[in-house]
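We have chain D already, so just place chain B on it with the hints.
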Amino acid sequence: MKNFLLIAFDPDDALQGAGFAQSVGGGFDLLLLTGEGSLSLGAEKVMTTNWETIPPADSLATGLLALCQGYGKVAAVSSMRSKDVLARLAGLLDCAMVTDVIAIAGEDQYVRPMVAGSILATVAVRGDQTLFTVRPAGFPTQATDQVSEAEPLDLPVAGKTSRLSESAKKGGRPDLAMAKVVVSGGKPLGDAATFEQVIGGLADKLGGAVGATRAAVDSGIAANELQVGQTGKIVAPDLYIAAGISGSTQHMAGIKDSKLIVAINKDPDAPIFEMADIGLVADLFQAVPELTSKV
Amino acid sequence: MKILVPVKRVVDPYAKVRPLPDGSGLDTAGVKFDINPFDEIAVEEAVRMKEQQGDVTILVVSIGGPECEEQLRKALAIGADEAILIETTDSLDSSVVASELKAFIDEVKPDLVLMGKQATDEDTNQAGQRLAAKLDWPQATFASKIERGDGVIHVTRETDTGEETLSLPLPAVVTADLRLNEPRYIAMVGIMKARSKPLSKRGRLTDAKPKLKIVRLDSPPPRAAGIRVKSVDELVSALKERGAL
Numbered sequence: 086m087k088n089f090l091l092i093a094f095d096p097d098d099a100l101q102g103a104g105f106a107q108s109v110g111g112g113f114d115l116l117l118l119t120g121e122g123s124l125s126l127g128a129e130k131v132m133t134t135n136w137e138t139i140p141p142a143d144s145l146a147t148g149l150l151a152l153c154q155g156y157g158k159v160a161a162v163s164s165m166r167s168k169d170v171l172a173r174l175a176g177l178l179d180c181a182m183v184t185d186v187i188a189i190a191g192e193d194q195y196v197r198p199m200v201a202g203s204i205l206a207t208v209a210v211r212g213d214q215t216l217f218t219v220r221p222a223g224f225p226t227q228a229t230d231q232v233s234e235a236e237p238l239d240l241p242v243a244g245k246t247s248r249l250s251e252s253a254k255k256g257g258r259p260d261l262a263m264a265k266v267v268v269s270g271g272k273p274l275g276d277a278a279t280f281e282q283v284i285g286g287l288a289d290k291l292g293g294a295v296g297a298t299r300a301a302v303d304s305g306i307a308a309n310e311l312q313v314g315q316t317g318k319i320v321a322p323d324l325y326i327a328a329g330i331s332g333s334t335q336h337m338a339g340i341k342d343s344k345l346i347v348a349i350n351k352d353p354d355a356p357i358f359e360m361a362d363i364g365l366v367a368d369l370f371q372a373v374p375e376l377t378s379k380v
Numbered sequence: 610m611k612i613l614v615p616v617k618r619v620v621d622p623y624a625k626v627r628p629l630p631d632g633s634g635l636d637t638a639g640v641k642f643d644i645n646p647f648d649e650i651a652v653e654e655a656v657r658m659k660e661q662q663g664d665v666t667i668l669v670v671s672i673g674g675p676e677c678e679e680q681l682r683k684a685l686a687i688g689a690d691e692a693i694l695i696e697t698t699d700s701l702d703s704s705v706v707a708s709e710l711k712a713f714i715d716e717v718k719p720d721l722v723l724m725g726k727q728a729t730d731e732d733t734n735q736a737g738q739r740l741a742a743k744l745d746w747p748q749a750t751f752a753s754k755i756e757r758g759d760g761v762i763h764v765t766r767e768t769d770t771g772e773e774t775l776s777l778p779l780p781a782v783v784t785a786d787l788r789l790n791e792p793r794y795i796a797m798v799g800i801m802k803a804r805s806k807p808l809s810k811r812g813r814l815t816d817a818k819p820k821l822k823i824v825r826l827d828s829p830p831p832r833a834a835g836i837r838v839k840s841v842d843e844l845v846s847a848l849k850e851r852g853a854l
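One line per chain: the protein sequences are D and B, in this order.
This note's numbering applies: residue 86 is where the first sequence begins, and numbers increase by one.
This note's numbering applies: residue 610 is where the second sequence begins, and numbers increase by one.
Pulled out of the complex, with its shape left as it was, chain D reads as follows:
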């Protein structure tokens, strides 16, 4: 059985996930499902399927099964799409799976968050095969000079599910999960246009992504896919700016790996100030545009 397979949905995903593969050690192969590139990450072998789109989970898991049977460890960066298919694959392989790995604790032991990040569990895996979804913040990818040869791979996919429609990704801003800077807003922004103007304005000035609280999403101020928190995206940017966000446990679970957290809130007792590295008690409608004009 080979050592390690990293499954990447696109080249960005490969770049983010390679750090964990490097940390586990012993060499790894890379399967790139869409896009090209990612050839200098230190993989021994790069396989590319060159798909235009990712098939639904039942098809994808069936397609991946034979390949994955040959590896002791199979990992992908934590995301909704990776959890969707890898847990199905774990069912097909009847093997262990560790969700949201944040650290390696020892031989076959890994650390992962539980209870919305308020507990860190060290888990031991049983059996000779393990699947992982990995939060990349704890595993920075080391650049290598080793360029791998890409070889095309034909994965036969077949399933019962068909996709009827798919919302197109809104272009322009970087992906939340990958962005170096994230500017997030809460319900106090009031309406979608103001949210876009105030939060989007600062994000664009900083070349960052836009995030939102669950309350902002639920009240229609921000799109679903912008939700940051336990039930939304987990982010780990270099700079996280939270404007008009009180700091619910649910939201904080999604941002605690950020390198620098800045909170702007007019309530000096907002819980977010307990976790912020830099806090500014101010009305966001004045402070955020002022900040936008000064950076």
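Derived by calculation from the structure, the hints in this document are not laboratory data.
Fair warning: there could be bad hints in the mix.
To be verified - With a straight-line cut-off of 20 Å between C-alpha atoms, the simulated PhoX-like cross-links for lysine-lysine are: (1) B:K849 <-> D:K379; (2) D:K245 <-> B:K718; (3) B:K711 <-> B:K611; (4) B:K718 <-> B:K659; (5) D:K379 <-> B:K839; (6) D:K344 <-> B:K849; (7) B:K611 <-> B:K718; (8) B:K806 <-> B:K611; (9) B:K718 <-> B:K810; (10) D:K344 <-> D:K265; (11) B:K810 <-> B:K711; (12) B:K611 <-> B:K754; (13) D:K290 <-> B:K849; (14) B:K625 <-> D:K341; (15) B:K802 <-> B:K659; (16) D:K265 <-> B:K849; (17) B:K818 <-> B:K711; (18) B:K625 <-> B:K641; (19) D:K351 <-> B:K839; (20) B:K839 <-> B:K849; (21) B:K711 <-> D:K245.
This is chain B only, laid out in the frame that chain D set:
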């Protein structure tokens, strides 16, 4: 149509929980338990389908100690028809849960399994997908909308970049995300009334063993104390000092 909703008893998702001093488990002293919020959304969705379409029976199942009866009673109070407790004190993980549910489903043969996308205690997000794999049924995780057709369901699900709509032939497994619905409020009296609905107990159906073992639990390291700035100018200086701008 028969809908099966598996429900899990979890520590109150809004309570602050800590590990025991020796790290061997969660300190649950004085902490309340509730039905996993995503499972509650799944029960609510099944009940809405029953209310709107009529020809639906809802079975709820839980796996665990006798105390799980409390959560099954709540599911019955929301509107499920019948509850089964697979009673065990064995340690369980997502793979064991999927194996037990698979064996149970082979007996009760539902058309649809609706369950939470993850349990808010262990946050593994695996059981639904593992179950679908074992059954060789199609799956739709992170569901935000379910529409029933003739022998199929159309599920709108949240994705990393937005949403998509899938068509799945029944039987299928669907896991509920937050926006599928907002569960109704159940007064204590409703839970008492549900006492007349059938709830039965049985033992485990498989000898599946966990594939993950929790070695220890810790609190995350506290973040270093932050600073407060008084103005946007001070904020800009602080950001520059730290190389963030």
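Here is what the structure says about each hint:
no.	hint	in the structure
1	B:K849 <-> D:K379	holds, 12 Å
2	D:K245 <-> B:K718	holds, 19 Å
3	B:K711 <-> B:K611	holds, 16 Å
4	B:K718 <-> B:K659	holds, 18 Å
5	D:K379 <-> B:K839	holds, 15 Å
6	D:K344 <-> B:K849	holds, 14 Å
7	B:K611 <-> B:K718	holds, 8 Å
8	B:K806 <-> B:K611	holds, 17 Å
9	B:K718 <-> B:K810	holds, 18 Å
10	D:K344 <-> D:K265	holds, 10 Å
11	B:K810 <-> B:K711	holds, 17 Å
12	B:K611 <-> B:K754	holds, 19 Å
13	D:K290 <-> B:K849	holds, 15 Å
14	B:K625 <-> D:K341	holds, 16 Å
15	B:K802 <-> B:K659	holds, 19 Å
16	D:K265 <-> B:K849	holds, 15 Å
17	B:K818 <-> B:K711	holds, 14 Å
18	B:K625 <-> B:K641	holds, 11 Å
19	D:K351 <-> B:K839	holds, 12 Å
20	B:K839 <-> B:K849	holds, 16 Å
21	B:K711 <-> D:K245	holds, 19 Å
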